[in-house]
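Chains as they are written, first to last, in UniProt numbering: chain A, 1 to 246; chain B, 1 to 262.
It cannot be assumed that every hint is accurate.
[Said to hold, decoys possible] Over the 12 Å line for every Cβ pair with chain A, so calculated as not near, a few chain B residues:
#1 111
#2 151
#3 165
#4 227
[What the hints assert, rightly or not] Listed next, with one range per pair, are the computed distances between beta-carbon atoms:
#5 B:58 - A:242: 28 to 34 Å
#6 A:124 - B:58: 32 to 38 Å
#7 A:242 - B:59: 40 to 46 Å
#8 A:188 - B:256: 46 to 52 Å
#9 A:196 - B:144: 29 to 35 Å
#10 A:193 - B:198: 30 to 36 Å
#11 B:155 - A:158: 22 to 28 Å
#12 A:169 - B:55: 43 to 49 Å
#13 A:96 - B:187: 33 to 39 Å
#14 B:89 - A:125: 49 to 55 Å
#15 A:124 - B:201: 28 to 34 Å
#16 B:6 - A:169: 57 to 63 Å
[What the hints assert, rightly or not] Dumping the calculated DSS-like pairs for lysine-lysine here, alpha-carbon to alpha-carbon at most 25 Å:
#17 A:175 - B:61
#18 B:61 - B:246
#19 A:175 - A:231
#20 B:73 - B:246
#21 A:175 - B:73
#22 A:72 - B:73
#23 B:61 - A:72
#24 A:175 - A:83
#25 A:228 - B:246
#26 A:228 - A:136
#27 B:9 - B:73
#28 A:72 - A:175
#29 A:83 - A:72
By construction, these hints were calculated from the structure, which means they are not laboratory data.
From a predicted model like this one, the values you see are computed outputs, not experimental measurements.
For glycine and all other residues, C-beta sits at the position ideal for the given N, C-alpha and C.
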Amino acid sequence: MDNFLYLAASGATQNMNALGVHANNLANAKSDAFKADMHQARSMQAYGEGLPTRVFAMEERPASNFDSGALKTTGRAMDVAIKGQGWLVVQDGNGGEGLTRAGALRFDETGMLLNNQGRPVLGEAGPIFAPLPIEKVEIAVDGMVTVRPQGAPADGFEEVGQLRLSNPEVANLTKGEDGLFRDLDNDNYPTDITVQLQSGTLEGSNVNPVEEMVGMLAAQRQFDMQIKLMKTAEENDQAGSRMMDV
Amino acid sequence: MHSALWISKTGLDAQQTDIANISNNLANASTVGFKKSRAVFEDLLYQTVNQAGGISSQETKMPAGLTLGAGTKVTATQRVFTQGTVQSTDNSLDMMVDGAGFFQIQLPDGNIGYTRNGQFALDEEGQLVTPGSGYLLDPGIAVPDNAQSITVSTDGEVSVRLNGETENQVVGQIEIANFINPTGLEPIGQNLYLQTGASGDAVIGTPGLDGMGSILQGALESSNVNVTEELVNMIESQRVYEMNSKVISTVDEMLSNLNQQL
Numbered sequence: 001m002d003n004f005l006y007l008a009a010s011g012a013t014q015n016m017n018a019l020g021v022h023a024n025n026l027a028n029a030k031s032d033a034f035k036a037d038m039h040q041a042r043s044m045q046a047y048g049e050g051l052p053t054r055v056f057a058m059e060e061r062p063a064s065n066f067d068s069g070a071l072k073t074t075g076r077a078m079d080v081a082i083k084g085q086g087w088l089v090v091q092d093g094n095g096g097e098g099l100t101r102a103g104a105l106r107f108d109e110t111g112m113l114l115n116n117q118g119r120p121v122l123g124e125a126g127p128i129f130a131p132l133p134i135e136k137v138e139i140a141v142d143g144m145v146t147v148r149p150q151g152a153p154a155d156g157f158e159e160v161g162q163l164r165l166s167n168p169e170v171a172n173l174t175k176g177e178d179g180l181f182r183d184l185d186n187d188n189y190p191t192d193i194t195v196q197l198q199s200g201t202l203e204g205s206n207v208n209p210v211e212e213m214v215g216m217l218a219a220q221r222q223f224d225m226q227i228k229l230m231k232t233a234e235e236n237d238q239a240g241s242r243m244m245d246v
Numbered sequence: 001m002h003s004a005l006w007i008s009k010t011g012l013d014a015q016q017t018d019i020a021n022i023s024n025n026l027a028n029a030s031t032v033g034f035k036k037s038r039a040v041f042e043d044l045l046y047q048t049v050n051q052a053g054g055i056s057s058q059e060t061k062m063p064a065g066l067t068l069g070a071g072t073k074v075t076a077t078q079r080v081f082t083q084g085t086v087q088s089t090d091n092s093l094d095m096m097v098d099g100a101g102f103f104q105i106q107l108p109d110g111n112i113g114y115t116r117n118g119q120f121a122l123d124e125e126g127q128l129v130t131p132g133s134g135y136l137l138d139p140g141i142a143v144p145d146n147a148q149s150i151t152v153s154t155d156g157e158v159s160v161r162l163n164g165e166t167e168n169q170v171v172g173q174i175e176i177a178n179f180i181n182p183t184g185l186e187p188i189g190q191n192l193y194l195q196t197g198a199s200g201d202a203v204i205g206t207p208g209l210d211g212m213g214s215i216l217q218g219a220l221e222s223s224n225v226n227v228t229e230e231l232v233n234m235i236e237s238q239r240v241y242e243m244n245s246k247v248i249s250t251v252d253e254m255l256s257n258l259n260q261q262l
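Bound-form chain A, shown alone (with noise of 0.2 Å):
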């Protein structure tokens, strides 16, 4: 049997991987802050013996869409989204740090500030605490956390903290298992004081639906197309051993 009919089904399953991608894409169009996953595929050369006749595709994920979702009004103090760019640093499940622009932020019964996600949002010197309990919070374009104790006089806030907001370069940027983005080359997120809060609001997700949609025909229609050449590869066969029965 042909070679060729191994490069049809290697790209039929990367069509199948393809549509994966578009897949979770759509799943998470609701998903606040959530980054669009691309997809592309590349050829990968069959190397060994005889002639490198022989090209597979591969699918890869080579980044995620950048791109600001579209801004939601909530009119809850605690929801905050990011102008432009930049991100939240927050501590992810090992201790390290990760970014996300996930801004639905709250108190956990130790006053520890968490994002929607549960993870611990990190200023300049770890987690933020406030003291408990709290009657009002403010969220400033900066990233500080101002929260008035109960009890105290209408003018009686008090800072706890400030969001560290980063800005690193996104090229850089890799999307981890757990959805945080993560720069592999260097695990430091320095304050950028040129980010910017706004509270009251939530970033929504950025996954275009429509091509999302047009992206997943795209790769069925490829599917079918790989189907067809499995199929050309089986009649070769059958032509092939018709040939012997003579």
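Place chain B on chain A using the hints.
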């Protein structure tokens, strides 16, 4: 079977939960003291199909890998405790908390329930009770049966004018409770919430003092459901649902094509 089927299934599930949540908000759009909740979506874990930096030949490495997401999930329904609008009723037993805080209600099982609904009524002994189930306000306040009028001050002092008297007589003091994290309260229906580990313990205080909201007599707090927002959300969820079901039918067509052709 193919992972895209399961990925879009998570999308369908999440949108369905969202629609259920939206319809509950809309159903309670005129429930006094109701606080809307919103579904919080999150992407699930990613799985690495091809590792970035893997070896592609003896000298070269792959510049990018392929990690496939596993879909989405509604991780929480977050209750939004913004103030509802004031609805003036002129009924002396209607009151609302203007600001943070909850009325405390004595539940039949001995626990304390918390509510923003201040539509009180009197039971046959003249005690202030919730309108639906007749649960007692805590601390209890009894109004004598010869009371002509009832006055509640902004700091929660309840006084009555008795028949034939000229001076008001204080019959009780309403206390309100506040929470560190009201989002963590557990709703149990009937406009009542219970405290949980996440909400923290109730901080009880006098209305209008120590950051507690003050009491407004003759007014009720409307639901904070924004009908327009809910409808926009509903349309969004419906469309996302449709797109996810489209993925399922696409994968189905691909697989059926595969089965028929080969």
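(request) Take the C-alpha atoms of residue 228 of chain A and residue 136 of chain A, compute the straight-line distance between them, and say whether it is at most 25 Å. (result) This hinted pair is violated, its Cα atoms lying about 64 Å apart.
(request) Starting from residue 61 of chain B, check that the Cα of residue 246 of chain B is at most 25 Å away, please. (result) violated (36 Å)
(message) Just to be sure I understand the hint, the distance between the Cβ atoms of residue 89 of chain B and residue 125 of chain A should be within 49 to 55 Å; is that true here?
(response) This hint holds: roughly 51 Å between Cβ atoms.
(message) Would the hint linking residue 73 of chain B and residue 246 of chain B be met if the CA-CA limit is 25 Å?
(response) holds (19 Å)
(message) Quick check on a hinted range of 43 to 49 Å for residue 169 of chain A and residue 55 of chain B, using CB atoms only.
(response) Taking Cβ atoms as reference, residue 169 of chain A and residue 55 of chain B lie about 26 Å apart, which means the hint is violated.
(message) Verify the CB-CB distance for residue 193 of chain A and residue 198 of chain B against the hinted window 30 to 36 Å.
(response) holds (34 Å)
(request) Return holds or violated for the Cβ distance of residue 196 of chain A and residue 144 of chain B against the range 29 to 35 Å. (result) Because 60 Å falls outside the window, the suggested range is violated.
(message) So residue 165 of chain B supposedly isn't at the interface. Is its beta-carbon more than 12 Å from every beta-carbon in chain A?
(response) holds (36 Å)
(message) Checking a non-interface call: every C-beta of chain A should be farther than 12 Å from the C-beta of residue 151 of chain B. Is that right?
(response) Consistent with the label, residue 151 of chain B stays out of reach of chain A, its closest Cβ about 26 Å off (over 12 Å).
(request) With a cut-off of 25 Å on the C-alpha distance, tell me whether residue 61 of chain B and residue 72 of chain A pass. (result) violated (41 Å)
(message) A cut-off of 12 Å on Cβ-Cβ distance, and residue 111 of chain B was said to be off the interface with chain A. Does that hold?
(response) The assertion about residue 111 of chain B holds, with a minimum of 19 Å to chain A.
(message) Please check whether residue 6 of chain B and residue 169 of chain A have a Cβ separation lying inside 57 to 63 Å.
(response) violated (34 Å)
Figure legend: structure checked against the earlier numbered hints; hints not met, in rising order: 5, 6, 9, 12, 16, 18, 19, 23, 26.
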